[in-house]
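The sequence shown begins at 106 in this note's numbering and counts up one residue at a time.
To be clear, the hints were calculated from the coordinates, so they are not data collected in a lab.
Cβ coordinates follow ideal geometry from the N, Cα and C atoms, glycine included.
Distance windows between CB atoms, simulated: (1) S175 to P245: 25 to 35 Å; (2) H185 to T133: 16 to 26 Å; (3) N134 to A258: 50 to 60 Å; (4) R224 to A258: 26 to 36 Å; (5) G161 to L260: 49 to 59 Å.
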Amino acid sequence: MEYEACSFLAEVPMRSIREFIDTDIPPTNTFPGRLPTAHTYKTNLMAALNALLAKGIQPLANDYIIDIRSSVGRGPHYMHGVLPCLTRSRGSAGHWLTWKQRFMNLHEVLLLMGVPPHRVMGVVLEATLGRIAGNAIPVPLVQRVIANLMHAAGL
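Please construct the entire structure, taking both the sequences and the accompanying hints into account.
Below you can see the structure in the form of C-alpha cells.
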C-alpha cells in the first residue's frame, strides 16, 4: 500500500524565546550580572556562565536559559534560545534567563505553554498554577496534534 506525502505534518517555524519574555528592568552590563541569593542557585549559575565563557560565548549578551535549581552535584543544564524541560517544581519560577539576569516569571511560563495569563491568573494560587504549567503539555502542541488527527481521519 502506498502512502501519500503527509503535507499536513509540515514543520512549524520556531518563535524566538524573547517574544515570550517580559520587557522589564534592564540588566546590568557587568559580569556576572545579578545573581540569585540561594547558594545552590548561585553556584550552578556561575558554573553555567563559566562554561559558556570557556566556549567563547558571552552569556549576558545571548539568550541562554539555564536550569539552576538542580543539586550542585548534578550541575546546571542550559540551552540557547530554547527552554529546558519545565517540571512541576520549576513551573512557578521557571529557569534563569542569562540576558535578563533573573528567573522567568509565571506570566512568561504561561505564555510559553500557550495559556493566556489573563484567563487563569487569580483563579488559583500562583504556586498551584505554576505546578500545573510545569506538568502540562503546551496548548499549541495539543491543538496541532488534534488538527493533524482530524485531517488524517478525513474530518
